[in-house]
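J.: Residues per chain, in single letters:
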Amino acid sequence: MTIRVKHLVPGLLMLAAIGTAVISPRPGYTQSTPPSGSQPQVKQYKSPKGAQTEDEGQRVFAQNCSRCHNAPESFSPRISGTIVRHMRVRANLSEHDVQVLLRFLNP
Amino acid sequence: MLLQNADGQATHPLQGPINFAIMELHNFTRRGARALRLSSLVVGILALGTGHLAGAQDTPLLSGGVGFFTNTPGGNTSAYPVLEPLAAVPVGPHLLIESRAVLLETWSPNGQGGYDHTHFIGLTYLQGDYVASPHLTAVVGSYLLPFGTYNERLSPIWIGNFQDGPLIASLGLLSTGTGLGGQLRGNAISRAKYSIDYATWFSARSANSQFSAERSFGGRSSLYLPEQRLEVGLSYDRSLQNTQENFYGMHVWWEPKDTNFRLRSEFARGHHPQGYWIEADYRTAAFGGLDSFVGRFEPLFRMQQTFRRDTIVSDGLPLVNTQRADFGLNYNLPHNVRILTSYTRQFSSSSNENIWETGIVYRFLFPAWRGK
Chain A
23 MTIRVKHLVP
33 GLLMLAAIGT
43 AVISPRPGYT
53 QSTPPSGSQP
63 QVKQYKSPKG
73 AQTEDEGQRV
83 FAQNCSRCHN
93 APESFSPRIS
103 GTIVRHMRVR
113 ANLSEHDVQV
123 LLRFLNP
Chain B
8 MLLQNADGQA
18 THPLQGPINF
28 AIMELHNFTR
38 RGARALRLSS
48 LVVGILALGT
58 GHLAGAQDTP
68 LLSGGVGFFT
78 NTPGGNTSAY
88 PVLEPLAAVP
98 VGPHLLIESR
108 AVLLETWSPN
118 GQGGYDHTHF
128 IGLTYLQGDY
138 VASPHLTAVV
148 GSYLLPFGTY
158 NERLSPIWIG
168 NFQDGPLIAS
178 LGLLSTGTGL
188 GGQLRGNAIS
198 RAKYSIDYAT
208 WFSARSANSQ
218 FSAERSFGGR
228 SSLYLPEQRL
238 EVGLSYDRSL
248 QNTQENFYGM
258 HVWWEPKDTN
268 FRLRSEFARG
278 HHPQGYWIEA
288 DYRTAAFGGL
298 DSFVGRFEPL
308 FRMQQTFRRD
318 TIVSDGLPLV
328 NTQRADFGLN
338 YNLPHNVRIL
348 TSYTRQFSSS
358 SNENIWETGI
368 VYRFLFPAWR
378 GK
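Those sequence lines, one after another, are chains A and B.
The numbering of the first sequence is our numbering, which starts it at 23 and goes up by one.
The numbering of the second sequence is our numbering, which starts it at 8 and goes up by one.
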């Protein structure tokens with residue numbers, strides 16, 4: 023097996039990253055600080071009575087959308103309904119999850 | 008199968024998000040005019056949707072990914088610029104028309120010191136989704152076969168962690184990965200502690216270059232436990248033309264709660280081969296969060312094996328038992344850009360091989376119309 027020197031650099035970087043991930047303590051990750059890209063920035067304002075719905079929407083989003091892919095950083099609120107429709111079919115979302123997700127994306 | 012030579016080695020190294028496009032490329036060579044007609048059809052559908060907007064949030068959208076990949080098996084580097092657009096058009100309160108296409112250019116070594124160039128344009132799927140009830144959605148058209156998880160969920164270039172798909176990606180997908188006919192799917196039961204979903208289909212035989220499909224039927228059902236973040240699913244399908252064969256699949260996905268770790272796995276079995284893949288990825292928030300320099304790194308590992316009962320070719324798997332370990336390191340740049348790199352070591356009785364892959368993908372998502 024011959025490995026070119028130039029290929030060693032990404033390999034070493036990868037090993038370093040794996041080592042970092044393994045030896046570093048797990049962060050105190052909570053739902054209020056979702057992973058990057060797991061919560062798209064579409065919200066225009068926060069509904070004063072919608073905190074519970076938002077939490078549930080965030081949960082539904084994390085469980086159903088982030089399971090497969092990183093969410094886009096942001097998108098227009100005008101297509102949020104279309105996105106949810108697409109995901110309803112692709113991810114077999116329940117009616118309840120669809121409604122919660124719509125409210126989450128459009129509080 | 009189209010992705011193998013007589014030794015059972017993949018003749019085209021890019022088996023991943025665009026693997027079926029490659030297969031189509033080998034199958035059909037004169038489809039430019041048809042593709043243009045189909046693109047006109049898609050534009051027409053977009054216009055139809057813009058005339059029937061159901062609500063302020065239901066503007067038609069254009070999404071997808073554009074990427075540039077290189078693939079180096081055995082020291083020979085090929086390059087693949089890819090554009091994979093997706094359009095979704097809601098029509099009224101219950102109907103959604105969606106389609107995905109692929110535009111692929113390929114430069115690969117011709118063995119004489121130069122490069123051969125090919126290009127491909129084709130529809131990946133074009134389907135109408137009608138939400139009939141909270142538990143039932145009817146899908147009509149050309150659709151991705153819901154067998155296993157890779158084809159429907161991970162094959163878009165802006166989603167897949169690795170540039171190339173699993174070795175067993177074509178197992179159960181009946182040559183083309185798409186069906187032409189109808190599909191019933193939805194969420195059967197949804198409770199706080201568990202949910203069960205299903206998808207079942209029947210496909211007609213079609214030799215049309217854009218909508219090729221095998222006569223078949225099949226389905227998939229999954230159980231999801233939200234508290235454990237665990238999903239377990241079973242798949243089955245049967246080819247109903249020529250030599251009729253059954254295919255079975257099982258997948259297990261697990262995302263431990265409060266971590267940024269994902270574990271995905273899949274097993275598939277056909278009449279002649281079987282195999283599995285296990286993939287893990289992780290991002291750390293320990294050094295300033297996931298948007299920090301370190302947090303944007305995403306180390307990956309995938310292990311896969313295929314086993315053959317005989318060498319009768321009815322699928323896209325290697326003709327000899329093969330083991331493969333993929334080590335990847337992706338970097339998630341701002342603005343929906345990802346850099347993908349990986350090294351693969353493949354072991355088989357015919358030969359061992361190193362495969363180096365690099366790529367960059369930009370994911371776009373915006374309204375297709377100004378809206379209300």
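Just so you know, these hints were derived from the structure itself, not from any lab.
A quick note: this is a predicted structure, and the numbers were derived from the prediction, not measured.
Quick reminder that beta carbons are idealized off the backbone N, C-alpha and C, glycines included.
Some hints could be false.
What the hints assert, rightly or not - Partial list, derived from the structure: chain A residues whose beta carbon lies under 10 Å from chain B:
1) 91
2) 100
3) 103
4) 119
What the hints assert, rightly or not - Computed beta-carbon distance windows for the label pairs:
5) A/125 to B/296: 32 to 40 Å
6) B/214 to A/125: 42 to 50 Å
7) A/125 to B/320: 50 to 58 Å
8) B/316 to A/96: 48 to 56 Å
9) B/296 to A/118: 25 to 33 Å
10) B/239 to A/117: 17 to 25 Å
11) B/295 to A/118: 44 to 52 Å
12) A/118 to B/224: 24 to 32 Å
13) B/358 to A/125: 54 to 62 Å
14) B/320 to A/96: 42 to 50 Å
15) A/96 to B/327: 44 to 52 Å
16) B/126 to A/118: 31 to 39 Å
17) A/125 to B/123: 20 to 28 Å
18) B/125 to A/117: 20 to 28 Å
J.: With reference to the structure, classify each hint as holding or not holding.
T.: Evaluation of the provided hints:
1. At about 4 Å, the closest approach between the beta carbon of residue 91 of chain A and any beta carbon in chain B falls short of 10 Å, and the interface hint on this residue holds.
2. The beta carbon of residue 100 of chain A comes within 4 Å of a beta carbon in chain B, closer than 10 Å, and the hint placing it at the interface holds.
3. With a cut of 10 Å, the hint placing residue 103 of chain A at the interface with chain B holds, because the nearest CB-to-CB distance is about 3 Å.
4. Hint status for residue 119 of chain A: holds, given a least beta-carbon distance of 7 Å to chain B, under 10 Å.
5. Residue 125 of chain A and residue 296 of chain B have their C-beta atoms about 27 Å apart, which leaves the hinted 32 to 40 Å range violated.
6. Between residue 214 of chain B and residue 125 of chain A the CB atoms are about 46 Å apart, so this pair conforms to the stated range of 42 to 50 Å.
7. The hint said 50 to 58 Å for the Cβ distance between residue 125 of chain A and residue 320 of chain B, and at roughly 51 Å that hint holds.
8. At about 50 Å, the CB distance of residue 316 of chain B to residue 96 of chain A agrees with the hint of 48 to 56 Å.
9. Checking the proposed 25 to 33 Å range against residue 296 of chain B and residue 118 of chain A shows it holds: the Cβ atoms sit about 31 Å from each other.
10. About 23 Å separates the C-beta atoms of residue 239 of chain B and residue 117 of chain A, a value consistent with the hinted range of 17 to 25 Å.
11. Between residue 295 of chain B and residue 118 of chain A the C-beta distance comes to about 36 Å, which lies outside the given range of 44 to 52 Å.
12. Distance hint check: the CB atoms of residue 118 of chain A and residue 224 of chain B are about 30 Å apart, consistent with the given range 24 to 32 Å.
13. A beta carbon spacing of about 56 Å between residue 358 of chain B and residue 125 of chain A agrees with the range 54 to 62 Å that was offered as a hint.
14. Separation of residue 320 of chain B from residue 96 of chain A is about 47 Å and conforms to the stated range, judged on CB atoms against 42 to 50 Å.
15. Between residue 96 of chain A and residue 327 of chain B the Cβ separation comes to about 48 Å, which falls inside the hinted range of 44 to 52 Å.
16. At roughly 45 Å, the beta carbons of residue 126 of chain B and residue 118 of chain A sit outside the given window of 31 to 39 Å.
17. With their beta carbons about 53 Å apart, residue 125 of chain A and residue 123 of chain B fall outside the hinted range of 20 to 28 Å.
18. The given range of 20 to 28 Å is broken by residue 125 of chain B and residue 117 of chain A, whose C-beta atoms sit roughly 46 Å from each other.
In this structure, the earlier hints numbered 5, 11, 16, 17, 18 are contradicted, and the remaining ones agree with it.
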